[in-house]
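Chains as they are written, first to last, in the numbering used here: chain L, 1 to 196; chain Z, 1 to 582.
Zero decoy hints are in this set.
Within a straight-line C-alpha distance of at most 25 Å, the following computed BS3-like cross-link-like pairs (lysine-lysine) qualify: (1) Z:Lys482 <-> Z:Lys494; (2) Z:Lys244 <-> Z:Lys137; (3) Z:Lys489 <-> Z:Lys451; (4) Z:Lys489 <-> L:Lys174; (5) Z:Lys422 <-> Z:Lys455; (6) Z:Lys559 <-> L:Lys174.
Which chain L residues face chain Z? A few, computed with CB under 10 Å, are given here: (7) Ala45; (8) Val70; (9) Gln74; (10) Asn86; (11) Ser88; (12) Glu113; (13) Arg114; (14) Gly116; (15) Phe117; (16) Arg118; (17) Val119; (18) Asn121; (19) Ser170; (20) Val171; (21) Pro172; (22) Asp173.
Note that these hints are calculated values from the structure, not bench results.
Ideal placement from N, C-alpha and C gives every residue a C-beta, glycine not left out.
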Amino acid sequence: MQFAKRLLFFTIGLCTSVSAFASWSVDEPETEVAEAHVATTRVLAVTEVPELKLKGLAEYRGMYVTVFHVSGRQAQVVGGNGNVLNVSEIKARPLTALIDPSGAAVLPKISVERRGFRVFNFVVISIHKQETLYLRSADESVVKDPRIEDGDMSAVPQSALPYVRAGYLSVPDKLDQLRTSQGSTESVEIQLGRDF
Amino acid sequence: MRILKFRQLKTIAWVSGAFVFAMMGLSRSDDNLSPPPGSVERINRAMGVYVTPRGQQYFSRNLEDVLFRNGFAIGDGAFDSFSFKATEPLTLSRLSARMRQHGPLLAAVGDIFKQWLSGFQFSDPLLAGSLRDVSYKLNFSRFGIRPDPAGARARGIRDGVLLVLEIEIPDLRIDIARARMNDRNNAFLAEPGKDPFGVDDFWLKSSATSLPLKISLPFSIDTDRDGKVEMVALPMQTNIASLKLEMGFKRPLILPYIEVRIGRGATARSSALPQQALEDKLLAHQAALFKLVQSYLKDTIESQIPTVINKTLAKLFDDRISEVNQMDPVVLENPTPADKLKWGIQPEEFSMRNGSLELGFSAFIEDPRARRSVALPEAARSNAKARLNAFPAAQYDMAVAINQGLMNRMMQLSFERGYFEKYKTSSGETVKLLASPEMHFNETADGKVFKLHAKFRRKAGGFIERVALEGGLDIDVDLIVKTENHPVKGPRLKILSIDTTTFKVDMTDVRFGFLQGRVQAAVLAGIKESNVWYAAHDESLNDAIPIPPAVFGVPVRIKDLRVETTGNLVLYLEYGVQNAVR
Numbered sequence: 001m002q003f004a005k006r007l008l009f010f011t012i013g014l015c016t017s018v019s020a021f022a023s024w025s026v027d028e029p030e031t032e033v034a035e036a037h038v039a040t041t042r043v044l045a046v047t048e049v050p051e052l053k054l055k056g057l058a059e060y061r062g063m064y065v066t067v068f069h070v071s072g073r074q075a076q077v078v079g080g081n082g083n084v085l086n087v088s089e090i091k092a093r094p095l096t097a098l099i100d101p102s103g104a105a106v107l108p109k110i111s112v113e114r115r116g117f118r119v120f121n122f123v124v125i126s127i128h129k130q131e132t133l134y135l136r137s138a139d140e141s142v143v144k145d146p147r148i149e150d151g152d153m154s155a156v157p158q159s160a161l162p163y164v165r166a167g168y169l170s171v172p173d174k175l176d177q178l179r180t181s182q183g184s185t186e187s188v189e190i191q192l193g194r195d196f
Numbered sequence: 001m002r003i004l005k006f007r008q009l010k011t012i013a014w015v016s017g018a019f020v021f022a023m024m025g026l027s028r029s030d031d032n033l034s035p036p037p038g039s040v041e042r043i044n045r046a047m048g049v050y051v052t053p054r055g056q057q058y059f060s061r062n063l064e065d066v067l068f069r070n071g072f073a074i075g076d077g078a079f080d081s082f083s084f085k086a087t088e089p090l091t092l093s094r095l096s097a098r099m100r101q102h103g104p105l106l107a108a109v110g111d112i113f114k115q116w117l118s119g120f121q122f123s124d125p126l127l128a129g130s131l132r133d134v135s136y137k138l139n140f141s142r143f144g145i146r147p148d149p150a151g152a153r154a155r156g157i158r159d160g161v162l163l164v165l166e167i168e169i170p171d172l173r174i175d176i177a178r179a180r181m182n183d184r185n186n187a188f189l190a191e192p193g194k195d196p197f198g199v200d201d202f203w204l205k206s207s208a209t210s211l212p213l214k215i216s217l218p219f220s221i222d223t224d225r226d227g228k229v230e231m232v233a234l235p236m237q238t239n240i241a242s243l244k245l246e247m248g249f250k251r252p253l254i255l256p257y258i259e260v261r262i263g264r265g266a267t268a269r270s271s272a273l274p275q276q277a278l279e280d281k282l283l284a285h286q287a288a289l290f291k292l293v294q295s296y297l298k299d300t301i302e303s304q305i306p307t308v309i310n311k312t313l314a315k316l317f318d319d320r321i322s323e324v325n326q327m328d329p330v331v332l333e334n335p336t337p338a339d340k341l342k343w344g345i346q347p348e349e350f351s352m353r354n355g356s357l358e359l360g361f362s363a364f365i366e367d368p369r370a371r372r373s374v375a376l377p378e379a380a381r382s383n384a385k386a387r388l389n390a391f392p393a394a395q396y397d398m399a400v401a402i403n404q405g406l407m408n409r410m411m412q413l414s415f416e417r418g419y420f421e422k423y424k425t426s427s428g429e430t431v432k433l434l435a436s437p438e439m440h441f442n443e444t445a446d447g448k449v450f451k452l453h454a455k456f457r458r459k460a461g462g463f464i465e466r467v468a469l470e471g472g473l474d475i476d477v478d479l480i481v482k483t484e485n486h487p488v489k490g491p492r493l494k495i496l497s498i499d500t501t502t503f504k505v506d507m508t509d510v511r512f513g514f515l516q517g518r519v520q521a522a523v524l525a526g527i528k529e530s531n532v533w534y535a536a537h538d539e540s541l542n543d544a545i546p547i548p549p550a551v552f553g554v555p556v557r558i559k560d561l562r563v564e565t566t567g568n569l570v571l572y573l574e575y576g577v578q579n580a581v582r
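With the hints as extra help, turn the sequences into a complete structure.
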């Protein structure tokens with residue numbers, strides 16, 4: 001086969017051959033030429049979620065509350081009240097806390113990295129009796145969870161699925177508004193019944 | 001005698017409300033749920049969704065927000081890794097359109113080299129590459145979708161809709177921490193286990209003096225006579241070739257080691273490719289390089305992307321696009337899965353009317369247990385489009401019109417199932433409805449009040465009634481119902497009274513002719529007594545029409561609901577978005 005022809009084509013195909021475009025007559029527009037040694041500062045897109053202070057949970061004291069930071073969309077469904085969340089991805093390791101005797105629970109602040117096109121846009125809050133809870137989506141499937149490292153959700157026991165009560169907060173419509181109205185970027189107070 | 005106090009028809013309005021919003025998740029029919037062809041009682045113009053110019057503004061200016069609410073972010077993001085493998089080798093015959101003109105030159109040059117380097121085997125490149133830690137940031141100054149009526153006229157689109165996706169990005173940046181490429185057909189280019197080509201800490205961004213990147217992609221949407229949706233991506237435009245870009249990378253580049261050797265033995269001389277000079281050249285000529293790449297991308301985007309999109313759309317729309325699902329029958333309390341009815345909606349019309357985007361849907365509701373169903377009477381349905389005259393279009397974002405035929409069909413199927421045989425009234429009485437109740441939005445004026453026809457048999461009660469009547473009385477009544485957007489209870493259909501002027505009593509079961517006048521008077525008295533009760537009590541046909549909290553992820557709230565003499569119940573909706581652009 002023709003080594004040179006293919007090599008040439010290869011380089012042109014990649015558009016990385018200096019000799020290839022140097023030999024052509026191409027008008028160069030005036031453009032700032034960048035330095036080759038510029039150190040790249042890659043800043044990953046991150047959403048900072050403040051500490052969440054959950055209140056009004058006296059009815060559930062002694063139980064656990066788990067917060068999931070998820071990517072999802074509100075489902076338009078028939079046969080429900082429309083207030084259903086389709087969860088497509090859990091975007092950070094879920095946080096679990098014990099509900100204290102006063103009916104409160106505090107979940108620490110967390111940074112949720114934006115990876116892929118799916119974005120963290122809902123906070124799911126679930127109250128449960130067992131120590132660990134895994135999330136089921138509207139179609140009853142167990143959502144892939146960062147706590148299961150190999151991603152095999154079939155290993156999740158049925159006993160880890162029940163919850164007593166669950167709700168969700170839209171990040172733009174609820175969490176951001178609460179944060180703004182409470183004037184704090186460090187923590188947000190969320191009241192059961194009022195906010196979810 | 002108290003005639004009747006209708007208990008809530010519970011699910012009817014509830015289902016109607018949910019029904020309306022199901023269309024937002026339209027998908028192709030599930031074969032398991034699809035009724036057999038030809039067996040469905042299709043209701044044309046069953047629903048209409050109208051997005052006003054005010055409502056369109058949100059989607060034309062805030063599509064990025066709409067995507068975010070649905071779980072997608074395209075403004076910035078990161079990927080751990082990305083890899084690709086070419087399935088076919090690169091050959092000269094597969095040059096891009098722009099490069100094709102250089103094909104003969106390349107071939108000629110190749111032939112010269114072939115003579116000098118004959119015997120050396122270089123196969124057609126079969127590339128595989130990988131990227132790690134890729135992140136990007138796109139600052140949109142515009143990202144939206146809008147109807148384009150003028151463009152539609154210019155393109156001769158008469159009945160359908162032309163939508164244009166418009167993107168404007170003044171500032172973009174892409175970072176790739178590590179990029180590697182190898183040629184699986186020419187493994188000699190690198191040491192075993194290593195890649196011959198690569199770059200670390202590569203970045204690409206738009207120059208501060210660059211024009212913003214603009215992309216415009218029009219779509220035409222229409223339905224043919226068979227109701228098949230046709231959505232076509234039309235040629236797109238981009239100014240990507242005019243952008244000024246900058247790039248950089250960490251030196252050195254990873255390239256194959258190339259050495260030219262002349263002579264043999266101790267006197268031989270060799271010269272390696274000066275990599276640093278090559279990198280300098282690469283950076284010095286980046287503008288020319290970008291121009292090549294940008295021209296290539298412009299050609300590819302404008303010529304190939306609509307083709308690719310259309311192939312995808314053709315696959316998606318190769319059948320009638322529709323939503324088919326199940327629903328609980330109205331009236332029946334505690335239904336089981338086996339009780340469910342099938343319903344479906346299908347796009348029927350896409351058009352523009354007075355600046356509003358109009359989506360029309362036909363629908364069916366069927367009973368999978370029934371061998372046959374009586375056709376819904378013409379009088380129970382409507383064939384007219386909603387007029388939407390309750391509010392100026394500038395005062396709401398979206399309207400949803402529900403044909404009375406759709407609601408009447410729900411009640412008809414429950415009636416045929418026998419769920420109205422023992423219908424509990426508010427007063428605790430049990431009556432038997434003799435015909436399916438029918439809502440008639442088209443019998444009164446446009447506004448908030450409409451009539452619900454009901455024909456029922458009231459059993460004779462007490463000694464005198466049992467003597468005078470053959471078991472009971474058949475009575476036709478019209479309930480006068482008012483649409484109401486209750487501040488606490490939500491949108492609902494409140495019963496005002498029973499019409500005292502239109503009721504009819506079947507005297508067949510009155511044993512003695514001379515009693516007919518007294519029976520008529522007694523029924524009227526009973527109606528009046530019931531009306532006193534309705535006036536004192538807050539009674540509605542439904543708990544509340546459940547308006548889902550969001551449409552396409554955008555929160556909505558109901559502004560009002562009205563009926564029209566067109567035979568439609570119209571829900572006027574507003575977006576509940578704090579930062580909605582008006």
